[in-house]
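Residue numbers (the working numbering), protein chains in the order written: chain A, -2 to 179; chain B, 3 to 776.
Among these hints, one or two may not hold up.
Said to hold, decoys possible - Quick look at which bits of chain A chain B covers, simulated, 3 or more residues with Cβ under 8 Å: (1) 34 to 46; (2) 103 to 112; (3) 148 to 156.
As the list claims (entries may be wrong) - When the alpha-carbon atoms are kept at most 20 Å apart in a straight line, the in silico SDA-like pairs for lysine to any residue are as follows: (4) A:Lys22 with B:Cys393; (5) B:Lys739 with B:Pro727; (6) B:Lys354 with A:Asp71; (7) B:Lys354 with A:Gln149; (8) B:Lys355 with A:Lys177; (9) A:Lys22 with B:Arg351; (10) A:Lys22 with B:Glu400.
Unchecked claim - Some chain B residues well away from chain A (every beta-carbon gap over 10 Å; in silico): (11) Ile155; (12) Lys168; (13) Ile374; (14) Gly407; (15) Thr569.
Hints were generated in silico from the structure; no laboratory data involved.
Using N, Cα and C, we set each Cβ at its ideal position, and we do this for glycine too.
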Amino acid sequence: MTSTEENNTTSTNNTATPTNDIRSKLHYIDIGERQLELLRTLNAVTFPVQYQEQFYQQVLHSPVEYNFLVNLTDITVGAVCCRVEKINPDDKSDQNLKLYIMTFGVLAAYRQLKIGSAMLDRIIAAASKNSHIQEVHLHVQINNDVAVKFYQKFGFELKDTLKGYYKRIEPADAHHLVKKLR
Amino acid sequence: VSQPVCSCTMPPKTSTPPSDPSQTLPPKQQTQFKQVVKLYESKHYKKANKVADSILKTHPNHGETLSMKGLTLSVLNKKEEAYQLVKRGLTESKFKSHVCWHVYGLLHRADRNYKEAIKCYNNALKIDKNNLQVLRDLAQLQVQCMETNGLLITRHKLLELKPGHKFNWVGFAVAQHLAKNYSTALQVLHNFETLLDPADTKYEKSEFVMYRNMIMFESGDFNKTLEHLEAIKDVSVDKVGMLETKAKCYRGLDKPSDAHAVYFELIQSYNCEHRGYIMDYVNTAEAMQGKQPLTSWTEPQSKEVCEVVYKILEDLEQKVPASHVVRRLVLDVAVGDAFKTRTTAFVQRYLKKTIPALFSALKSLYNTPEKIEIMEKLFVSWEESLRTKQCFPETPDETELPQTGLWATMLVSAHFYRKAEYETALTWIEKAIAHTPTVEMLYILQARILKHMNKLQEASDAVEKARLLDTADRYLNTKAVKYHLRNNKIKEADRLTATFARAPEEPPLNNVVEMQCTWYEIEEGDAYYRLGDIITAMKKWLLVDKHFGDISEDQMDFHQYCLRKLTLRAYIETLRWDKKTHHYPVYLKAAKKVVQGFTEIYDQQQQGVDLQSKVLHLFKETEEEKAAKEAEEKEKEKAGAKKKQQPKRKGKPQKNKKRQDDDDDDDDEDEEDPSALAKEYDLKVDLQTPLDSAVRFAESLQQYAPEDVEAHAVCFKLYLRRKKPLLVLRHLLQVIKLNKDYKDLPQMREQFKAMDLSDAPAAVQQVIKETPIA
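Isolated chain A, as found in the complex (with noise of 0.2 Å):
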């Protein structure tokens, strides 16, 4: 689930707008025992889903590749969680994988910045460079136009539509986004 929503306010001063050196100003957390605090605190604010305290802990666990904060010079503003899981779940080799973005976002007041574009570009480069990851997908509130829009632009297709996907928010359907890798 990811959540992107559109910044509420009009900006009428075009120049100078700083989202090409605002990956200069970004940092990357790996998420520890000490960042969970955090990571809680904008989950909390970003998604309308309350995650369980084994999400967490589950977190600690996965590839720090795919699992970090997001600091613009010393604030933490923005988080991602993913996991690998194999494409067929009888597999019993390791040769076909894919990347599940579990939760995905970026404090409201600092979006319209181009963050969230840093960090799903980090997060495809390094699931491009395991060979054994074939395809990267997530799941979509159907109501959010913008986020699919943003996963649109990065080559995201929408796989198919499933209903009753949330089980304690409206709608519950949500969209299954896939971009294959190779």
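Given chain A, put chain B in place with the hints provided.
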């Protein structure tokens, strides 16, 4: 107590009158006695004790052996027995043994009864006037107590006996200096230089000449000092020190313009952020001559002075553009539009750089209502502009990152907090938190606001949230601890201190006390007090007093050291500083609480309240906890795991030496174990004579906190109960003088009038009747 008792070359029997056979030892026992002394010197106290015992078997009344035994026992913490033995030793030797007197002196010194120790040493010297060891010990104590007259005599003696030792010369010069005999001191140093080579290294040589310069300066002969500075400029490596002295001399000679130039050099070439230099620079400027000199930057000044100082600082700013401090100080004296422009430039610069300490830097500006208004308008307008247009109103073409708006919001909140408009401040900080909930500093400010609104649990929760956002941050941990204590959650606070403890397996309390963490002790005491347990509260507050005693005592090590190392300027300043330690606000804070506490203990005892029953044993193990611990230990042993060795505490090397360097052969109780230290920190509160114990604290308050109304009120209460009408009157008059509207004043007047003066002498009654207290 790590010094030898007596020079081993002196056979004991010459110290006692030959006519007394019980005080003379046959050769075998004499050798044993020498052995006792040697063992004591090499810190094998238990062995020394055993040998002493074997002498006493055959010569039970040998005074000197009894004293030595007492000495070893005192080191082994058997104080009462030690004193008894030593006193017995003195009587047995008919007070004619210098060894016994010396030992008695050592005992007193270890217990910090310096005056008594000095008396003992003097007695020892009457019997053996050239005893070097006694003389050295005596000199050390005299300088510790600043008994300059005695020190002169002792140091002179030492110099006579050993003129080949450099530090005897230096010691004598220092003694003269402390006694304010400046010319003599200089003469001594001169003679020293001609006879011996005072210093070896470049640094020592430099310090030596700077010390002489210091004496000259203090003697008031500024011209001579200036000439001397010229003469030594190639030898002295302390360039800054020389310039500072030079400036002071010019001021002493009433040549402010010369001083002004020197201060400018200091600011420009050495330290452009030094507030002291900048203030001196201002006060020596031509425009300030004839006016009242500036003493504080934060107190509001008259319009005239502000204008003058503003011009001076503005000029300085242009000459030394690198100085942050000057730029900030200008704000204190700027007015009107100049203030507005400068504040904008100053604050916006730091908002863009996201510096959380910004707000405390602006504190002093809140003394002037006009400035508060200007700042409010500015800050609120910036916040709005950043929120809606991502830019400052003055620079619409520069787009700011979202966090600049965040800090602006925090600034607005902090502004209202400073104005004590807490509800407004709270609303603003909540906006900031909604904007960026991942920033710890926001929660800290929120907690502060809540604390002032007396919502202590919520405040504590906010700090805890901040702490969890970065558990490795010690500042956040400390804040969380403090807020727990304010909320009376003593156990939680204690648990949190363990996070950063040096040795986690030891009780955190030891860590706090070893680190002399006075703020914790005072807060913890306050918490116990609020929970109704005054005895434990007193124990905590008294720890502050103990620390100051320790600090004073620690000086003892430096008397020998500094004379050898020739770091004399710093040494003299330290000696003088020690007399002022009771000036420190934290000491006075604790002293007030202690006096208040003792008074309350007395009152409650009079009412028959059982104070011991109110003691909260928060850290005592319950029966279940004990059983659980034992089960855990058994399991560990079963598994064959080696029991973890308790780490030996290093502690302060000199102090703990007597315990740590104990006998290798002895396998008695580990005297370094942490529970022993915990016992040492568990101070005794005087419940028998609380009012007597309170007196020395009250005297400190009277001497060092004369402007503090609360201090006087607290002393008033104490002396009322001690039935000292004149002292009561003194404090009452001080309260009236300092604050006519003090809340308790009417009640105090009633209590004063109701005093029972029937036992007082007539003169006192007269004074009481005639002094007006309206």
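Results of checking the hints against the structure:
no.: 1; hint: 34 to 46; in the structure: holds (count 6)
no.: 2; hint: 103 to 112; in the structure: holds (count 4)
no.: 3; hint: 148 to 156; in the structure: violated (count 0)
no.: 4; hint: A:Lys22 with B:Cys393; in the structure: holds, 19 Å
no.: 5; hint: B:Lys739 with B:Pro727; in the structure: holds, 18 Å
no.: 6; hint: B:Lys354 with A:Asp71; in the structure: holds, 13 Å
no.: 7; hint: B:Lys354 with A:Gln149; in the structure: violated, 35 Å
no.: 8; hint: B:Lys355 with A:Lys177; in the structure: violated, 42 Å
no.: 9; hint: A:Lys22 with B:Arg351; in the structure: holds, 18 Å
no.: 10; hint: A:Lys22 with B:Glu400; in the structure: holds, 17 Å
no.: 11; hint: Ile155; in the structure: holds, 64 Å
no.: 12; hint: Lys168; in the structure: holds, 55 Å
no.: 13; hint: Ile374; in the structure: holds, 29 Å
no.: 14; hint: Gly407; in the structure: violated, 8 Å
no.: 15; hint: Thr569; in the structure: holds, 42 Å
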